[in-house]
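Chains A and B are the protein sequences, given in the same order.
Under our numbering, residues 273 to 651 are what the first sequence spells out, in order.
Under our numbering, residues 273 to 651 are what the second sequence spells out, in order.
Check before you lean on any hint, since a few could be wrong.
Selected chain B positions facing chain A (Cβ under 7 Å, derived; list incomplete) [what the hints assert, rightly or not]:
| # | residue |
| --- | --- |
| 1 | 339 |
| 2 | 343 |
| 3 | 347 |
| 4 | 570 |
| 5 | 574 |
| 6 | 577 |
| 7 | 589 |
| 8 | 594 |
Computed footprint of chain B on chain A; a stretch qualifies when at least three of its residues, placed anywhere within it, have a C-beta under 8 Å from a C-beta of chain B [claimed, not checked]:
| # | stretch |
| --- | --- |
| 9 | 306-319 |
| 10 | 392-404 |
| 11 | 570-581 |
Hints in this document: simulated from the structure, not taken from any laboratory.
Fair warning: this is a prediction, and the values are worked out from it, not measured in the lab.
Quick reminder that beta carbons are idealized off the backbone N, C-alpha and C, glycines included.
There are 2 protein chains.
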Amino acid sequence: MTNNLNFKIINTDGRARNGLLHLNHGTLKTPTFMPVGTGGCVKAMLKRDLEEIGAHIILGNTFHLWMRPGIDIINHHEGLHNFIKWQKPILTDSGGFQVFSLKELCKITEEGVRFSSPINGSKLFLTPEKSIQIQSILNSDITMIFDECTPYQIGSHIINREEARSSMHLSLRWAKRSLDEFKRQENKNSMFGIVQGGIYEDLREESINGLLDIGFNGYAIGGLSVGEPKEYLHKILEFVSPKIPDNFPKYLMGVGTPEDIVNAVSNGIDMFDCVMPTRNARNGWLFTRYGNIKIKNSRYKNDTNGLDPTCACYTCRNFTRSYLHHLQITKEINSSILNTIHNLHFYLNMMKEIRESINEKKFDIWKNNFLEDRSSNSY
Amino acid sequence: MTNNLNFKIINTDGRARNGLLHLNHGTLKTPTFMPVGTGGCVKAMLKRDLEEIGAHIILGNTFHLWMRPGIDIINHHEGLHNFIKWQKPILTDSGGFQVFSLKELCKITEEGVRFSSPINGSKLFLTPEKSIQIQSILNSDITMIFDECTPYQIGSHIINREEARSSMHLSLRWAKRSLDEFKRQENKNSMFGIVQGGIYEDLREESINGLLDIGFNGYAIGGLSVGEPKEYLHKILEFVSPKIPDNFPKYLMGVGTPEDIVNAVSNGIDMFDCVMPTRNARNGWLFTRYGNIKIKNSRYKNDTNGLDPTCACYTCRNFTRSYLHHLQITKEINSSILNTIHNLHFYLNMMKEIRESINEKKFDIWKNNFLEDRSSNSY
Numbered sequence: 273m274t275n276n277l278n279f280k281i282i283n284t285d286g287r288a289r290n291g292l293l294h295l296n297h298g299t300l301k302t303p304t305f306m307p308v309g310t311g312g313c314v315k316a317m318l319k320r321d322l323e324e325i326g327a328h329i330i331l332g333n334t335f336h337l338w339m340r341p342g343i344d345i346i347n348h349h350e351g352l353h354n355f356i357k358w359q360k361p362i363l364t365d366s367g368g369f370q371v372f373s374l375k376e377l378c379k380i381t382e383e384g385v386r387f388s389s390p391i392n393g394s395k396l397f398l399t400p401e402k403s404i405q406i407q408s409i410l411n412s413d414i415t416m417i418f419d420e421c422t423p424y425q426i427g428s429h430i431i432n433r434e435e436a437r438s439s440m441h442l443s444l445r446w447a448k449r450s451l452d453e454f455k456r457q458e459n460k461n462s463m464f465g466i467v468q469g470g471i472y473e474d475l476r477e478e479s480i481n482g483l484l485d486i487g488f489n490g491y492a493i494g495g496l497s498v499g500e501p502k503e504y505l506h507k508i509l510e511f512v513s514p515k516i517p518d519n520f521p522k523y524l525m526g527v528g529t530p531e532d533i534v535n536a537v538s539n540g541i542d543m544f545d546c547v548m549p550t551r552n553a554r555n556g557w558l559f560t561r562y563g564n565i566k567i568k569n570s571r572y573k574n575d576t577n578g579l580d581p582t583c584a585c586y587t588c589r590n591f592t593r594s595y596l597h598h599l600q601i602t603k604e605i606n607s608s609i610l611n612t613i614h615n616l617h618f619y620l621n622m623m624k625e626i627r628e629s630i631n632e633k634k635f636d637i638w639k640n641n642f643l644e645d646r647s648s649n650s651y
Numbered sequence: 273m274t275n276n277l278n279f280k281i282i283n284t285d286g287r288a289r290n291g292l293l294h295l296n297h298g299t300l301k302t303p304t305f306m307p308v309g310t311g312g313c314v315k316a317m318l319k320r321d322l323e324e325i326g327a328h329i330i331l332g333n334t335f336h337l338w339m340r341p342g343i344d345i346i347n348h349h350e351g352l353h354n355f356i357k358w359q360k361p362i363l364t365d366s367g368g369f370q371v372f373s374l375k376e377l378c379k380i381t382e383e384g385v386r387f388s389s390p391i392n393g394s395k396l397f398l399t400p401e402k403s404i405q406i407q408s409i410l411n412s413d414i415t416m417i418f419d420e421c422t423p424y425q426i427g428s429h430i431i432n433r434e435e436a437r438s439s440m441h442l443s444l445r446w447a448k449r450s451l452d453e454f455k456r457q458e459n460k461n462s463m464f465g466i467v468q469g470g471i472y473e474d475l476r477e478e479s480i481n482g483l484l485d486i487g488f489n490g491y492a493i494g495g496l497s498v499g500e501p502k503e504y505l506h507k508i509l510e511f512v513s514p515k516i517p518d519n520f521p522k523y524l525m526g527v528g529t530p531e532d533i534v535n536a537v538s539n540g541i542d543m544f545d546c547v548m549p550t551r552n553a554r555n556g557w558l559f560t561r562y563g564n565i566k567i568k569n570s571r572y573k574n575d576t577n578g579l580d581p582t583c584a585c586y587t588c589r590n591f592t593r594s595y596l597h598h599l600q601i602t603k604e605i606n607s608s609i610l611n612t613i614h615n616l617h618f619y620l621n622m623m624k625e626i627r628e629s630i631n632e633k634k635f636d637i638w639k640n641n642f643l644e645d646r647s648s649n650s651y
């Protein structure tokens, strides 16, 4: 496989590790968090805002971009980086997760998934080959394989071992087709496999071994935070992560709260993405070192303190809780902007502190202090 | 009257003039345009965005701020500047215009206006004294008198001379009470009178003379762009502006299009405000030197040109029309941000070019070129 992926572990502290992930548009320091830029932008954030808070990679959603503006438009701009004017790394998902979430599904066959466009109703067909062709046009630094994300349950039915096995096997066959197409496209970026298998450890292990046989540049853990009880997240994570060889980057998809991320770093995870900091910001739910703040709460109406006096972001440097409360109550766009700046700064600053504490071999001390401060809810 | 208002005309070209208006939070170069920051922010613009495009004064709406967050909150922050963290000049209106626009009016008496709060239905009473008390707490650099903005028509009834006269006389009595209260508050900022009288020149003249007898720091022309046929705007403006002594700043309220502003500068107007650049931005209507662009139009779907290649704003420096079209179609907050940056930059850059052309005694040449370029609609 020809590509320039290069992952180097530069430091470890227990199973937590600091790494450097070299990609075509730049090098990431890991552990890292990737803000979600669904349809060609991180909602309410301009490029300069992202740069100011230290974002080094963002995530794009293949399905959204395929629907709008459409791949022809992005091709005409010679890729997603030029279209959105972000010249640092981009990771894209395969589009599968969104297609499987559509209400008007969607017939799944060995070949791929048929569905109706939620934009104009036209009949569409997404296959591993199609997903990789689209991601090749996007020119994503990291392409994700097309797979079926096995849900925890459908309605009241909890997916059983046989169903999870069958789904995971399909995903393995699609993983192979994804890589074959990636090579056919002569894509010079990197491709990650995705471990599936639901809540069943033996299936997770079979998935890892199958993916390692095919051979990818990194490995993601999928199918977690998809509605399962919280204990499964920890259990599966602790089982799966050590089984992925340590010389590969490990990416926990779609997770999660600050606490989830800190715990996953303890388990050797290097990469994260989640809509939580951005989506919650727009709803007025703010993350701080000393617990979460619901800024709409009337207790902040006349509170002239800064949002978080220990935070160095633009929002906290400038505005009172009272002002942020007012903007949220009056539904100003400025509320979304200022809240998003703060929440993403919180997440990225947390990752920076994680990396520093690993460098100093003090990750466990940092982690205990952080979790204690967070649970104090003293704001 | 004790205040530090100081207006100096530094250059003229015909009746257009360049001035310096010294206010407590800074000095304005006139002619100037004031972005509207209704409820404590210019929608979709952070302070740094406003500074980058060269905004030196913004407008706040007394009515909106009175309703939310309420005057106690702003008093607790020691004024509007500290609440919104904008330390340059602020002009506030009197709140009257919004009260008179309420559907559930509102009984007008000699003493003031009774109405129900649109927020919680509580009974409220706005008088000249109350408006000035509120504006004193806001600590606006320029306080506007409380008056009745005479409309052009109510339903199908065009306001006749007697009605306009009666309304204007009430406004004059309220103007005197406004100034008396301003002095009682020992307000050290500036206060502007507002010329009313509808479409009737003799009433406009009587209003000017009445206001001059009372004595203000500047004079605004109100009751234009309130639904009257466009020719009245020019006619009344040409009549009123020369009757205001030239050593006072002249402010045309709520006007208008780029063409309206350029024409008003020809008539000696120094100050403008209008929601058009900000509101239209959020609807995807963009002002450029070569005509207006409706960015939703499908002709821009695959247009990889910058929005306006002659524009130096952040939006035009970075993004294609195709990308801006995409953000508008997908209703991203980022669309409002980028469009607003562009439109306000366009207005403020226009004002800068106006000032430069007056300095060079070439305002008419500049104006003719500008109007010709605008009407070319070549984008």
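Tested hints:
1. 339: 9 Å, violated
2. 343: This hint is violated: residue 343(B) lies away from chain A, its Cβ roughly 12 Å from the closest one there, beyond 7 Å.
3. 347: Check failed: Cβ of residue 347(B) comes no nearer than 10 Å to chain A, outside 7 Å.
4. 570: This interface hint is violated because 11 Å lies over the 7 Å limit.
5. 574: With a minimum Cβ separation of about 6 Å from chain A (threshold 7 Å), the hint on residue 574(B) holds.
6. 577: Result: violated, 12 Å to nearest chain A Cβ.
7. 589: At 9 Å from the nearest chain A Cβ, residue 589(B) fails the 7 Å test, so the hint is violated.
8. 594: 6 Å, holds
9. 306-319: holds (count 8)
10. 392-404: As far as the stretch 392-404 of chain A goes, the hint is violated, because 0 residues have Cβ atoms under 8 Å from chain B.
11. 570-581: Our answer is that it holds, as 3 residues pass the Cβ test (under 8 Å) against chain B, meeting three.
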